[in-house]
Amino acid sequence: LLISTCCFNFPSHSKASYYFKMDVKPEMYPGYTDEAHPECFNKEAMPQQPSVKKPGQLPESMIKQYFEKGYVIVEDFFKPEELEPCKRDIEKLVDEVAQKLYTAGLFKDYGFYERLTKLEAEFPGSTVLILKQGYMPKAFQQLWSNERLLNVVEQLIGPDIVGHPVWNLRSKVPKNEATIVPWHQDAGYLDNDSYKVMQPTAWIPLIDANEKNGCLQIASRGHKTGKIGQHQCCWGGTWYVMLEEEEMKNKLEIDINKDLDVCPVPYGGMVLFNNVIPHRRYADKI
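When we follow the UniProt record's numbering, the leftmost residue of the sequence shown carries the number 1, and every step to the right adds one.
Simulated from the structure, these hints should not be mistaken for lab results.
Keep in mind that a hint or two might mislead.
[Said to hold, decoys possible] Result set (EDC-like, lysine to aspartate or glutamate): computed pairs, CA atoms no more than 20 Å apart in a straight line:
1) Lys-87 / Asp-208
2) Lys-212 / Asp-89
3) Lys-138 / Asp-89
4) Lys-258 / Glu-211
5) Lys-138 / Asp-208
6) Lys-87 / Glu-75
7) Lys-251 / Asp-95
8) Lys-224 / Glu-245
9) Lys-79 / Asp-95
10) Lys-224 / Asp-34
11) Lys-54 / Glu-35
12) Lys-43 / Asp-259
13) Lys-64 / Glu-154
14) Lys-69 / Glu-245
15) Lys-43 / Glu-253
16) Lys-69 / Asp-259
17) Lys-69 / Asp-193
18) Lys-54 / Asp-160
19) Lys-249 / Glu-68
20) Lys-212 / Asp-261
21) Lys-69 / Glu-44
22) Lys-249 / Glu-35
[To be verified] Ranges of calculated distance between the beta carbons of each label pair, as one might list FRET restraints:
23) Cys-233 / Glu-147: 31 to 41 Å
24) Thr-238 / Val-52: 25 to 35 Å
25) Tyr-189 / Ser-145: 22 to 32 Å
26) Asp-34 / Gln-141: 31 to 41 Å
Glycine residues also receive a C-beta, built at the ideal position from the N, C-alpha and C atoms.
Can you make the complete structure from the sequences, with help from the hints?
Okay, structure coming up:
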């Protein structure tokens, strides 16, 4: 079974990024600071809500939950005609990978939910090739700029919206280490200057996502300190940074026994969460 999710980031402010070689001091590593900005992520950061709602905008109670818990699950948000083009573009991406790996077999007789799984079994690493194609298909561009989605983002950060250049298409195949994402804060991948910026993410499954096939788990209210934990690199044989549970308990004041929420989301829904809330993607139980 293949799950594909797309993640879009919407920072309220943006700046150009440049890559160059430099000596990095330990205190400059992500999380190697006691700097804290809870006021940028908790209830006091909630913008004034519109008196007349635009298409797609959520009830104020759901927006409050986003700021209080650090996330909110929105069910039945997208229309089929908004997501089905994304699935067709994914099929094209999988076909491109199959053509590149033609010696492994094309598996043309398998559909959207199975073909990449077969390719991965025959040629380990195929799922990573999907993630690293290097361009955004047209349907995903349209989803990223979806008017109703941007209207919701406006409720979270106000009308000054910039699309972050980071977006991810993650294809989940069973029992695959590269598609299991460990505990982390999204800010753990970014420069320390970003710790004062609210950056919502929309996690959009292209199939019903649940505990069995590998949905999100989120540390509820894990953003309340406004701190970034010290992340380790790398998890298993992947390129993912990881946040150890001891760090979550000690620095972020998370109760591992009470605060960890499993977040199933139906096809057509999404999870909205901020950039300092710890989260991970479950290993599937298939």
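Notebook entry, point to check: Can the restraint linking Lys-69 and Glu-44 be considered satisfied, given a maximum Cα separation of 20 Å?
Noted result: holds (13 Å)
Check: Keeping to a limit of 20 Å between CA atoms, is the pair of Lys-212 and Asp-261 held or broken?
Finding: Given that 20 Å is the threshold and the Cα spacing comes to 15 Å, the pair holds.
Margin query: Does Asp-208 sit within 20 Å of Lys-87, going by the straight-line distance between their CA atoms?
Written below: holds (14 Å)
Note to self: Holds or violated: Lys-224 and Asp-34, Cα atoms, limit 20 Å.
What the structure shows: Within the cut-off at roughly 14 Å; holds.
Next item on the list: Measure nothing beyond the straight line between the CA atoms of Lys-43 and Asp-259; if it is 20 Å or shorter, mark the hint as holding.
Entry: It holds: about 18 Å lies between the C-alpha atoms, which stays within 20 Å.
Next item on the list: Note whether the CB distance of Thr-238 and Val-52 lies within 25 to 35 Å or breaks it.
Entry: Violated, since Thr-238 and Val-52 (Cβ atoms, about 46 Å apart) do not stay within the stated range.
Note to self: Need the status of pair Lys-249, Glu-68: alpha-carbon distance at most 20 Å?
What the structure shows: This hinted pair holds, its Cα atoms lying about 19 Å apart.
Note to self: Lys-54 and Glu-35 were given as a pair; does the straight-line alpha-carbon distance stay at or below 20 Å?
What the structure shows: Judged against 20 Å, a Cα distance of about 36 Å means the pair is violated.
Checklist line | 20 Å Cα cutoff - pair Lys-69, Glu-245 | finding: holds (19 Å)
Checklist line | 20 Å limit on alpha-carbon distance, applied to hinted pair Lys-251 and Asp-95 | finding: Cα-Cα ~45 Å, so violated.
Margin query: Looking only at beta-carbon atoms, does the pair Cys-233, Glu-147 fall within the given range of 31 to 41 Å?
Written below: Taking Cβ atoms as reference, Cys-233 and Glu-147 lie about 38 Å apart, which means the hint holds.
Item checked: Hint consistency between Lys-138 and Asp-89 [alpha-carbon to alpha-carbon, up to 20 Å] -> Holds, at about 8 Å.
In terms of the numbered hints stated before, the structure departs from hints 2, 5, 7, 9, 11, 17 and 24, listed from lowest to highest.
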